[in-house]
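Chemist: Kindly generate the complete structure, drawing on both the sequences and the hints.
Line order of the protein sequences matches chains A and B.
With this note's numbering applied, the first sequence corresponds to residues 161 to 490, in that order.
With this note's numbering applied, the second sequence corresponds to residues 42 to 305, in that order.
There could be a bad hint or two in this list.
Claimed, not checked - Non-contacting residues of chain A with respect to chain B, defined by C-beta distances greater than 10 Å in every case (computed):
(1) 240
(2) 295
(3) 299
(4) 330
(5) 334
(6) 335
(7) 341
(8) 352
(9) 382
(10) 447
(11) 457
(12) 489
Claimed, not checked - Calculated pairs, BS3-like style, for lysine-lysine (alpha carbon to alpha carbon, straight line, at most 27 Å):
(13) A/324 x B/169
(14) B/186 x B/61
(15) B/169 x B/61
(16) B/162 x A/411
(17) A/346 x B/169
Honestly, the hints are just simulated from the structure, not real lab data.
Ideal Cβ positions, reconstructed from N, Cα and C, are used throughout, including at glycine.
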Amino acid sequence: MISMFGAVESGVIYALMALGVYLTFRVLDFPDLTVDGSFVTGASVAAISIMNGIPPIIATLFAAIAGFIAGCVTGLLHTKGKINALLSGILMMTALYSINLRIMGQPTSSLLNEPTVFTQLESVWAKTGIDSFFNGILSFFGAEQLPATWSIVCLMIVVTLVIKLVTDYYLKTEVGLALRAIGDNKKMIRSLSANTDTLTIVGVGLSNGLVALSGGLIAQNGGFADVNMGIGMIVIGLASVIIGEALFSTKTIGRATLAVIGGAIIYRIIVTLALEVEFLDTGDMKLITALIVIVALVTPKMLQVRKEKRRRILKRQQLDRQIRGNQNSA
Amino acid sequence: MLKLKNISITFNEGTPDEKKALADINLDLEQGEFVTVIGSNGAGKSTLMNVVSGNLIPDLGDVIIDGKQVVHMPEYKRSRFIGRVFQDPMAGTAPSMTIEENLAMAFSRTKKRRLRSGVTKKRKEMFKEHLSTLNLGLEDRLTAKVGFLSGGERQALSLLMTTFTEPNILLLDEHTAALDPSRAALITNLTDDVVRKSGLTTLMVTHNMQQALDLGTRLIMMDKGQIILDVSGEEKQKLTIEDLLHEFQRIRGKQFESDRAVLN
Numbered sequence: 161m162i163s164m165f166g167a168v169e170s171g172v173i174y175a176l177m178a179l180g181v182y183l184t185f186r187v188l189d190f191p192d193l194t195v196d197g198s199f200v201t202g203a204s205v206a207a208i209s210i211m212n213g214i215p216p217i218i219a220t221l222f223a224a225i226a227g228f229i230a231g232c233v234t235g236l237l238h239t240k241g242k243i244n245a246l247l248s249g250i251l252m253m254t255a256l257y258s259i260n261l262r263i264m265g266q267p268t269s270s271l272l273n274e275p276t277v278f279t280q281l282e283s284v285w286a287k288t289g290i291d292s293f294f295n296g297i298l299s300f301f302g303a304e305q306l307p308a309t310w311s312i313v314c315l316m317i318v319v320t321l322v323i324k325l326v327t328d329y330y331l332k333t334e335v336g337l338a339l340r341a342i343g344d345n346k347k348m349i350r351s352l353s354a355n356t357d358t359l360t361i362v363g364v365g366l367s368n369g370l371v372a373l374s375g376g377l378i379a380q381n382g383g384f385a386d387v388n389m390g391i392g393m394i395v396i397g398l399a400s401v402i403i404g405e406a407l408f409s410t411k412t413i414g415r416a417t418l419a420v421i422g423g424a425i426i427y428r429i430i431v432t433l434a435l436e437v438e439f440l441d442t443g444d445m446k447l448i449t450a451l452i453v454i455v456a457l458v459t460p461k462m463l464q465v466r467k468e469k470r471r472r473i474l475k476r477q478q479l480d481r482q483i484r485g486n487q488n489s490a
Numbered sequence: 042m043l044k045l046k047n048i049s050i051t052f053n054e055g056t057p058d059e060k061k062a063l064a065d066i067n068l069d070l071e072q073g074e075f076v077t078v079i080g081s082n083g084a085g086k087s088t089l090m091n092v093v094s095g096n097l098i099p100d101l102g103d104v105i106i107d108g109k110q111v112v113h114m115p116e117y118k119r120s121r122f123i124g125r126v127f128q129d130p131m132a133g134t135a136p137s138m139t140i141e142e143n144l145a146m147a148f149s150r151t152k153k154r155r156l157r158s159g160v161t162k163k164r165k166e167m168f169k170e171h172l173s174t175l176n177l178g179l180e181d182r183l184t185a186k187v188g189f190l191s192g193g194e195r196q197a198l199s200l201l202m203t204t205f206t207e208p209n210i211l212l213l214d215e216h217t218a219a220l221d222p223s224r225a226a227l228i229t230n231l232t233d234d235v236v237r238k239s240g241l242t243t244l245m246v247t248h249n250m251q252q253a254l255d256l257g258t259r260l261i262m263m264d265k266g267q268i269i270l271d272v273s274g275e276e277k278q279k280l281t282i283e284d285l286l287h288e289f290q291r292i293r294g295k296q297f298e299s300d301r302a303v304l305n
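Modeler: So, in structure tokens, the structure goes:
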């Protein structure tokens, strides 16, 4: 129960990263692997800023800006340098590994004795009595272990929803429509006087801004930033997007972004459940993630084929009956 | 309105595949003139379109639109003045976006895109009005994804998206060639209507000689990167396919070789 709570809590933070991945993979149709690096950039910038006495909120903002810049560079490599999208992401991710080490000056930075956005909120939060209210409900239903604080989950739900709504609005503006058209029909939107290069650069920048924001918050939530914490992040983001799309409707932009957030939370829950299986340990996480993505990619297609096959069989029987009926009556 | 001066372009220069795609082309289009361009494959029609649209930069020559030299202006900037419909019905619309979103993107062609809502109530009314001129019932399907429309419907929508903002120059690149005869006729009629009504300066490439004769106020024939025939006004009205073939033979002294032209 308590681990489930933790899963939802970190799921909502990772949802920001998943939204970023959604922007590149789905909206721009740009498979951007910068994510593995920019997530850590966010974490290290936030950590180092806080350690240098910058207020956590500002430090978090710095994290997002650093990610935005990293993403813009990837976009530049692709559009102006004419480097293949996958390769520009890989190049940037590799370069960021060294840059992240430089930012922190060491492989790991601890935030245990530093203020974070979450600890600051908690001190205010404790006075409100919301925790005891929610925990009261939980213990009423027989929960034995109770979450220490509800502040993180509540704050992050609000923050993530606000960012989701802003993203939704952005994607419906004149600029946003052009951005979406890049992933849909680049030739057309160029013939409609949109500067596809600039839009791509800004789009990849915004995506990595969200990823780095998520990284900065994860570092503050976990109490440390580590240079290796971003390994496999892109696959986690992709898993969230694909799970969300497989389980929820994606008819409109608003629903699609909501699905991505849902996917990120469900991904965390799946991982938590998997880790409760005795012979699996944390090292198996990446394998599990890859398997989740494969299953989420393959199953919907298999179901579709089976459904179509069943439909055909039914239709054939129906037509058979009709033909026989016609022959009998004739 | 559109002036092409001494346009020359050579592909694969210095290799055995060297090809003079356009050789010293001069063309002057008055405001409201509707020019149809015919010629066999490889005559340079598409290259000509690409030079006007900014897809290709010529080795030599000027492209002047409305008095402005645009030859070095990138394609996306130039498309503020130029509307373009492609041959492929899928090329002119974004399939996973709705009809109203596609129209909103086309509406932004002539101005700077901002962070304001692309589809507003007011615009929806305007979109509906324009869509109803197509008589395809699309005005009742504003929120349908364009990917669900048929090829003919998509091409009609592309044509509308290109023309309702009244571009200074309209480029039509064999835009009925990929459609069945009845859909092609529909698009041809729509084209004729809208060009007439808005008085658009138009350059239309076609392989269909009948279409080239029926539409427009002026006809040019191209071969080997040159304009070999240029007729307008009454002279064009009287022109027949026979005349065209005959004229081509006279000028080039050989059979009109394009299979597609003969089939049409």
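Chemist: Which constraints among the numbered hints does this structure fail? Numbers only, ascending.
Modeler: 4, 5, 6, 7, 8, 13, 14 and 15
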